[in-house]
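Kindly produce the complete structure, drawing on both the sequences and the hints.
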Amino acid sequence: MATKRVKFTFPQELIKEPVIYKLGVDFGIVTNIRRADIRDDMGWVVLELEGESNVVDEGLAWVISTGVRVDPIAGDIIEG
Amino acid sequence: MPHVKCLQCRECKSEYPIEPLNACEFCFGPLEVSYDYDSVAKAVSRKSIESGPNTMWRYHDFLPVEKDSAVDISTGFTPLIHAKNLGRQLGLDHLYIKNDSVNPTFSFKDRPVSVTTTKALEFEFEVLACVSTGNLMGSVAAHGAKAGMQTMVFYPADLEQGKIQGAAVYGPTMVAVEGTYDQANRFCSELADAHRWAFVNINMRPYYAEGSKTLGYEIAEQLGWKAPDHCVVPGASGELHTKIWKGLEEFEGAGLIDKAKTKMHLAQAEGCSPIVEAFESGNNQVKPVRPQTIAKSLAIGNPAAGPYSLEVLRETGGTGVFAYENSIIDGIRLLAETEGIFTETAGGVVISSLKRLVKQGKIKKDEVTVAFVTGNGLKTLEAMGDFVVPIETKPDLDTFQKKLSNQKD
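Chains as they are written, first to last, in this note's numbering: chain E, 1 to 80; chain A, 1 to 409.
Derived by calculation from the structure, the hints in this document are not laboratory data. Predicted, not measured: the structure shown is a model, and the values here were computed from it. The beta carbon of each residue, even a glycine, is placed where N, CA and C say it ideally should be. Some clues are possibly wrong.
[Unchecked claim] Computed footprint of chain A on chain E, listed as stretches where at least three residues anywhere in the stretch have a Cβ under 8 Å from a Cβ of chain A: (1) 26 to 32; (2) 42 to 50; (3) 62 to 71.
Structure representation (structure tokens):
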């Protein structure tokens, strides 16, 4: 089993989509939300994902394909 | 490390021991070093600082490491220059340039990396690592060499050769990561979990960030133990901006300066200005952006300290301002032509933004203003483009005189 800590950033048009629910139902990934802030024009959720390593990777690839941005919880770590 | 209390979550305020941790176990918020400021205040005085070394380590009482253990390549205590020529052009009588491009690896990154490397040795790490596209990699490679540590430098595979060579010369293991920026970013985050390495800006981030405070201490000391009226700071992750302010507040708390009333302005490039956009729209959330700027050292689209930088802007009455992309090179040349200082693109962003702040009436003629130049221009020569138009002459005096007078006409 693998765990990953990530931040999802939702653009306005995807705020109402049940992305996290589908990660659980469609991929069998355990999702554990730790912090979130949802507004009219954007939203972000910081959460931990737990599941088989390849399944978590597949799930994250699907999330990215929906248009939700996925980052490490520390944000951009590649510095100039 | 007599004055350090613990690590504390910036969000939920949970406390943690001094270990290589960067995120709160409860809310995953970022951790920050917390100090016993009464103890600091008793230990320091203007005199004790003035008798310290001419490096950033004269402020060791404010840093989260053991005394006398510093990995020091002579970083800091860089010049604060009264920029009379540039000031005259902009209409400012008391403009100062904090020239941090003269650090050992030619950028301010030597400050946070010096603290981190010192702390990494205290934690008995054998490997120092970073992921970078420029200034940070050179600094980590140099400090790793000085400390005798194995050093790993990760970078996106499409990075320019000049930047790669500037770090490789110190002898680290260089790792080119294929894929997009986002893929490399996520990969390196996972690496930090998989190996017991001191990743300077990941698991060592709380200590790393503290090094930048020394810029705040230095300008206050160099101004005669006074905080300036304005600071203009380049913005990437937003951390430098928050830490310079933390430095000024700590000096005030220790009784070394009077109350700091500095307006902390943040300068970003038009093509990557997520913090400025949030400031202008009144949000306290920072929307990530895809960077499209020539100021590569400021190209952080999802800034980790963005919300805290917004807090500092609003708390101090500062302004978030961006430099138009086509004005960045003009800013570099203006500083070079007036003060003889050649800065990289981030410095061009600062000078161009400073001009805008003056034009907007945010900075007045008689106010003390410090603009931070954080990297050397030789690092971003490729951004300068082909702007040189030489006088072409045969090697004889008559031809030259003729060409010279033609040019003057």
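Going through the hints against the structure:
1. 26 to 32: Our answer is that it is violated, as 0 residues pass the Cβ test (under 8 Å) against chain A, missing three.
2. 42 to 50: Result for this restraint: holds, n = 4.
3. 62 to 71: It holds: at least three residues are needed, and the region 62 to 71 of chain E offers 3 whose Cβ sits within less than 8 Å of chain A.
Hint compliance for this structure: hint 1 is the single one not met.
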